[in-house]
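2 protein chains.
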Amino acid sequence: MTACAIGVDIGGTNIQCGLVSEEGALLWMNSVPTEAYKGNEHVMGVVAEQVDLAARQSGIPKHGMTGIGIGMPGAIDSETGVCIQSSNLAFRNYPVRERLQSMTSMPVAVENDVRMYVYGEAAAGAGQSHRNVLGLTLGTGVAAAWIHNGELYRGGGISGEIGHIRFEELHESCTCGGIGCLETIVSATGLALQAKQAVMNGERSMLAELRGSPDQLTAKDVSDAYDRQDPVAIAIMNRTGTYLGKALSYLVQILDPDIIIIGGGGAKAGERLLTPARETMFRLIQPIYHEGLSVVPAARNDEAGVIGSALWAMRKLGAGASGK
Amino acid sequence: MTACAIGVDIGGTNIQCGLVSEEGALLWMNSVPTEAYKGNEHVMGVVAEQVDLAARQSGIPKHGMTGIGIGMPGAIDSETGVCIQSSNLAFRNYPVRERLQSMTSMPVAVENDVRMYVYGEAAAGAGQSHRNVLGLTLGTGVAAAWIHNGELYRGGGISGEIGHIRFEELHESCTCGGIGCLETIVSATGLALQAKQAVMNGERSMLAELRGSPDQLTAKDVSDAYDRQDPVAIAIMNRTGTYLGKALSYLVQILDPDIIIIGGGGAKAGERLLTPARETMFRLIQPIYHEGLSVVPAARNDEAGVIGSALWAMRKLGAGASGK
Chain D
1 MTACAIGVDI GGTNIQCGLV SEEGALLWMN SVPTEAYKGN EHVMGVVAEQ
51 VDLAARQSGI PKHGMTGIGI GMPGAIDSET GVCIQSSNLA FRNYPVRERL
101 QSMTSMPVAV ENDVRMYVYG EAAAGAGQSH RNVLGLTLGT GVAAAWIHNG
151 ELYRGGGISG EIGHIRFEEL HESCTCGGIG CLETIVSATG LALQAKQAVM
201 NGERSMLAEL RGSPDQLTAK DVSDAYDRQD PVAIAIMNRT GTYLGKALSY
251 LVQILDPDII IIGGGGAKAG ERLLTPARET MFRLIQPIYH EGLSVVPAAR
301 NDEAGVIGSA LWAMRKLGAG ASGK
Chain G
1 MTACAIGVDI GGTNIQCGLV SEEGALLWMN SVPTEAYKGN EHVMGVVAEQ
51 VDLAARQSGI PKHGMTGIGI GMPGAIDSET GVCIQSSNLA FRNYPVRERL
101 QSMTSMPVAV ENDVRMYVYG EAAAGAGQSH RNVLGLTLGT GVAAAWIHNG
151 ELYRGGGISG EIGHIRFEEL HESCTCGGIG CLETIVSATG LALQAKQAVM
201 NGERSMLAEL RGSPDQLTAK DVSDAYDRQD PVAIAIMNRT GTYLGKALSY
251 LVQILDPDII IIGGGGAKAG ERLLTPARET MFRLIQPIYH EGLSVVPAAR
301 NDEAGVIGSA LWAMRKLGAG ASGK
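Which chain is which? The protein sequence lines are D and G, in order. Per our numbering, the very first residue in the first sequence carries number 1; after that it's consecutive. Per our numbering, the very first residue in the second sequence carries number 1; after that it's consecutive.
Bear in mind the hints are in silico, worked out from the structure with no lab data behind them. Using N, Cα and C, we set each Cβ at its ideal position, and we do this for glycine too. Be aware that one or more of the hints could be misleading.
[Claimed, not checked] Counterexamples of contact, computed for chain G against chain D with all Cβ distances above 10 Å:
no., residue
1, Val46
2, Arg204
3, Arg228
[What the hints assert, rightly or not] Label pairs and their computed distance ranges (CB to CB):
no., chain 1, residue 1, chain 2, residue 2, range
4, G, Gln101, D, Gly150, 43 to 49 Å
5, D, Pro33, G, Ile84, 49 to 55 Å
6, D, Lys220, G, Gln101, 56 to 62 Å
7, G, Ala25, D, Ser129, 40 to 46 Å
8, D, Ile84, G, Arg283, 51 to 57 Å
9, G, Ser87, D, Gly157, 40 to 46 Å
Using the sequences and the accompanying hints, generate a full structural model.
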């Protein structure tokens, strides 16, 4: 029988849990609310329950699984399995691995969620067959992770926080306390925010009619208005794509990836966003980087985090794992 | 006896060649003009001659050396030892390793010069005892290289070309054909260029008196005028340091290094440049990156390229080398 492991993607809103084969096939999957306000122990308990449920419903006993891989937002010390700080959850210096190992009696590996997402896309999604895979996720914010020669890059543990790269010409306040951070524009939240601002500024746009209040506008509303040729939505999407392209130009000149994968909720804008992003990126990078470089949407968008976490757990915890 | 290897730093102006022990000690060193206009074969011949000279003058025979490490500018395929493209030399798809192995009967490893410089600083200079070392060299241009968990990062082979990251608010033409590239400001050449422009614009500065023509001004002239409180030189240094700090803020948010080493000719400006660079960088990065992060000058500035190339050769070519 093929090896399998549990992959868990702990988000601010939902916890996604899946049972994944070593080939990256999803054998079982479920999603439940995180309810982070109930505290860390509650969140850990939900994960443990989901693992039991996976075993019952799949018919594969827990001892038949290699272990559990956890992807969660924030700064993670993957060697100790401690969540040092998490922006969307209340975790702070919390021993995730220790608690979950104790609750489930299974080995656990913990990593940053964006890294696990990109690891999933690299191993079993759009990045297969590439050695240097750069991935970005556009959600509440935007972050990057990459695989270098088949190895996950971590820096000192908090690499890839591109959402808080500042642009002098941007003036929006960021949740981090900074001004002009990339993610005030390039993120699902940034798209919604720009739509809100356009409506508040009285710009003539169908965005003004879509919701009861401009606060309720979403990234999807911008895509919908774009598809109906709304000029304000088109301008927002082009501006957002242009800044995504600028950020990509920096990342390419620094990291020299073979392929760039754009995922996360904000990436559901698809070519509306990727077309201006590609144009800007290719205009700004040196020609020597052009050959063979592609910018593609994620192939396993909603599942990549779960798949990546599970495959990572197999690599870290499986028979013959080096523990690196 | 301890192992040793030849390290060679091939620059546009000079070729530096050294015999280096496995502890990073420089046993012998020499510098000769590159005379690149005489062609690639000439340059290879000069390197081969220097290797013979090193053997004769040090008393260590060639067969007592592990091999030769070459650091040279441009895009290098380190697996084949081919120089794909080199901006300051005429090399283009030239088999450096093959030619030198044939000329010297010694094993040869070839890498990009900035990577070898940073490898030297990481192994035997300011980066010792750190796992994630980022280094920048400021010369004709500016480029970066880094060690991630003790391993040299290469991307697809042309990572670290930060000199050609563009800034919207900069308008200077770059040698690459782009507009507003970082290295039009942040480099030894950029410092000299800003001094020239200030004089041409009629700004009141002692820079106007230092040379017969503004074209002859150098980065060192800017440092000298700075030390004599020349306000134009101070403004140039602050502006350059500020852009260096901006670039560092991007690199920190992306790569999360433990230490940043600034080297190359332009780094001889020292604290005149590093003080505004640090201030800007720490203002722009997120607080979570602050702890333990330092920005320091290179410790073995003029020798780091030679030392790094030699230590790299020992790692790649020595007994027990994995070839990785």
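Item to check | Violated constraints from the hint list, given by number and in increasing order | outcome: Violated: hints 4, 8 and 9.
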